[in-house]
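Could you use the hints to bring the two separately framed chains together as a complex?
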Amino acid sequence: MHPYTNQGSQDTRSGFGAGLLELGRRNPHVVALCADLTGSLKMDAFAKEFPDRFFQTGIAEAHMMGMAAGLTIGGWIPFTGTFANFSTGRVYDQIRQSIAYSDKNVKICASHAGLTLGEDGATHQILEDIGLMKMLPGMTVLVPADYNQTKAATIALADHHGPAYLRFGRPKVANFTPADKPFVIGKADVLVEGSDLTIAATGHLVWEALEASNTLAAQSISAEVINFATIKPFDTEALLKSVTKTGRVVTAEEHQRHGGLGDLVAQTLGMHRPAPVEMVAVNDSFGESGTPAQLMDKYGLNAAAIVEAALKVRNR
Amino acid sequence: MASIYDYPSQIRRDILRMVHKPQSGHPGGSMGCTEFFTALYFEVLRHNPAAFSMDGRGEDLFFLSNGHISPVLYSTLARAGYFPVAELSTFRLINTRLQGHPTTHDGLPGVRIASGSLGQGLSVAVGAAQAKKLNGDNHLVYTLHGDGELQEGQIWEAAMYAGAKKVDNLIATVDANGQQIDGSTDEVLPMGDLGAKFAAFGWDVMHLEHGNDLDAVRAVLREAGTRTGKGKPVVIIMKTAMGHGVDFMAGTHKWHGVAPNDDELVRALAQCPETLGDY
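So the protein lines, in turn, are chains Z and F. Take the first sequence: its position 67, counting from 1, is numbered 67 in our numbering, and each next residue is one higher. Take the second sequence: its position 154, counting from 1, is numbered 154 in our numbering, and each next residue is one higher.
Chain F extracted, bound-state conformation (with noise of 0.2 Å):
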């Protein structure tokens, strides 16, 4: 029986692996949350993996706003029993269902929207949480954005929604790594206080200062699903290092969607053991 400790550590090789082969993807973001899907999906959410369906009535669900950081899902979704971990190596590869950006297009087990492009996920995430309301369903919804991603409007307009009809059975956690493709956030377009800016838009604010030790990831998690059914939507900012793991990739914007060549690989590997057998 593997520990919750084993996951992070192989499915930082699971990305650079997979990503690595096409020479496509996007590891920086995916290494920086992998602390946080670990927690995740193996000690919060209350799923049924053997036997996904895409109507997911009495489960917990989870929604990928910043789709690009597919690989972290699908090494997680795999390891947790969605589909085979050998499916893996498809990544970004012709007729894969593992595709660049998550999609239902092809039926993949564990994805209920396709996300890729920005600032949608929020929304969906608050339909799904009216349904489930709806549905005298208890379980809850989890969401998760880029911090660059906030920039996008359609955020907002979700945040406003779901701060004003108290959507209350809703879990958003921002990955706030301070990077983005063009630079810091800071450089491309400062985003001030992430906090009081949920705050305001009537969301039960958390701070996460470590996103990357899990123990911290675990108890925040928690925390949040007791402040649920309280009148007011949960939101996490969760501070991460993009590339954490990889002492040459973290903390830069440099690996949001750059794959390590040969040589960057083997280095990188070194750095995370295979505790959970690679694919």
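Okay, chain Z solo, but in the shape it has when bound (with noise of 0.2 Å):
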């Protein structure tokens, strides 16, 4: 049985407002864009201590990102925030000119990501951005499981140079990893050592993949649970020392296979050390509208999928 527990569930999105706070207070350079959606990312601590470091653009999501962008020539080190959505699919051109190919030091932060936006449907639930934003030259990708990873992650990004894209979520979840743990950008953490397989799993999976390991266990199959809360850069190593030992891999995310980290564990595998790979993930379709865990469930998304996904890749 993995020895996690959920200190009392939390959403992620408030792992990065208090984060952001604790920014304000630590680090006098950063600051914080917003395009009208203050009080859904959890800014509004940060907007009201910090009323001058604070600038809140109007529906204006290119804009913001461009002025993101602007903030960094003066030595301003500026975090985004809107949907993910918003944050990704709807400035992608913008993110692409003026800030990764210009090497600007923006924090794009994204909530609401994936199917656990829940009721607002299709139109919200971007299931690609991972992909997006993986492909962009230099942009590091970070994919907290709990509030206490998003928070660490927040924190961790001031001091990393560069442009970076953190997803994060709506939804109340289990809230299970240490909270002073500081956070290592660019290395996985295996949570649950074992043998016969590796689940991969990144964001919200992470503690369904922890929930699947127990039923798993409970059929004397020994499961190593890796979350990748970084995305990019990936820690290849840590996936091909895992795999070294268990053979196969099913990987876990709230996100499309095509561009997710199924993709990028199946293609680290293939060049390196080919073995059989499941994916937990969504299968080339939009979303809807529906409570998160209706989603999580019919779109196959949580721990009894990742079980029957590992039952599967262990007869090939």
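Since the hints were made in silico from the structure, they are not lab data. All residues carry an ideal CB built from backbone N, CA and C; glycine is no exception. Keep in mind that a hint or two might mislead.
[To be verified] Reference listing, derived: stretches of chain F covered by chain Z, where coverage requires no fewer than 3 residues with Cβ under 8 Å from a Cβ of chain Z: (1) 50-56; (2) 74-88; (3) 102-116; (4) 122-130; (5) 133-141.
Now the structure itself:
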């Protein structure tokens, strides 16, 4: 049985808000921008305490990205906040030219990613953002698993020079990583050691992977669970080390198969150590309205789906 | 010591020769904005070409939003001392720092943002202007935009923000040459009264009728500087002729993105005396 306990469910966006507030107090160069979603992004505490370092842009995400790029010229460290859909697809060219190609030190912070945004439906449930962002040269991509890790990742980004994308979500989910653990960009965490298969998970699916490992353990299947909270730069070494032991992988993410963690794991293994892979991810479709739990169940993104994939990959 | 009046003809020669060699680039808008760049870089900007810093603290900043007129930017930057004039011969060639559209990617001094995909430079300038305010730096931020570029929606997002939030350390200039790739702006998408549009967004609007008259450009930029710090961003609607300076290139969209051939280059250079020495 995995040794982690839920310290009390919290939303990862609140981890971002807490991290940003702490950064505001700790780092006088941090500024924040938001496109009319201050409450949803939990940026209101920062805005209230540091009004001179907070820029409300209105519903103008393209302008917000360009303005953030401009703020870096003069030494500021901007954190932009809006939903993941409006942080990526809507403003891809602004990010590509004004931030990534221009090597600007902008932190693109994106909430309400994936299906767990819930009832608003597919227009807002982006499932392509990890792929979009990891394709940009030089872009760091972080997808933390819970409140504590999102807070730590937010804080770590201020000391990391270069463009970065931080993905988090709306619903309250298990908070299980240590509160005081620093986030190391580029390092995956082996949460549970195992020998029969590797479960490579990111974001909200990490807790589901831990729960799945318990179910598998009850069937005498030993699953190694790795939290890939950094998608890029990818921790190739951690993956290969684990697969050398287990020989097979299940990937789990709240994202399309195309372009996500699953793609990345399959590519890495194909190049370095071919092994069977099963992917728990959305399979080339849009989402829809529903509660987060209903959606994760319907689209097969939960512990039960991970267990099913694990049994399948074992027999390949 | 070169006179400011020596620059426009030499910069036009540079532009023509730069685009001729790779048979690629955008001479029309570059030649139309030569007087603007001359006035800005050789008289108005408080800058430090010998010690370029990305940070730009304690200096005026300029952002070229319509990045396709890179030839005039590169010639001006080189002639102002940002990098060797000889490097102009590498424009658009493999391994050059003088990319088709400007970039920070190769460390070219004088460039602080990539541009080329249109409509993004005003937002960047607004951010840089806000950074100056946060830093207590009373220097100014300048931009240049094409008139066709104003068809991009992001320009108006930035314009609304700058007006509403009183970004009054910012001077934007619109190169109103009335031309874009597919034809005149009136043929492609008439933009109506640009001055009235900016005024409605809360900007202090200035008009310049003769954007290819160097003294007129110098005067309008000087006056624009005196109108900063008064609660409104400043915009100059500057009428120019695309391709100005060479009779067969002037006033038509034909030379927006077409390089002269060998014969045309000879004929064009004959109209632009070598005032400061070719690269």
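Whether chain Z covers the region 122-130 of chain F (at least 3 residues having a Cβ closer than 8 Å to its Cβ atoms): holds (count 9)
Given coverage of the region 102-116 of chain F by chain Z, checked by CB-CB distance under 8 Å (3 or more): Answer holds; 8 residues pass the 8 Å Cβ test.
Chain Z covers the region 50-56 of chain F, three or more CB atoms within 8 Å, holds or violated: holds (count 3)
Outcome, coverage hint (the region 74-88 of chain F, chain Z; C-beta under 8 Å; three residues): violated (count 0)
Coverage criterion applied to the region 133-141 of chain F (partner chain Z; beta-carbon cut 8 Å; 3 residues): holds (count 3)
Comparing the model with each earlier hint shows a violation of hint 2 alone; every other hint is respected.
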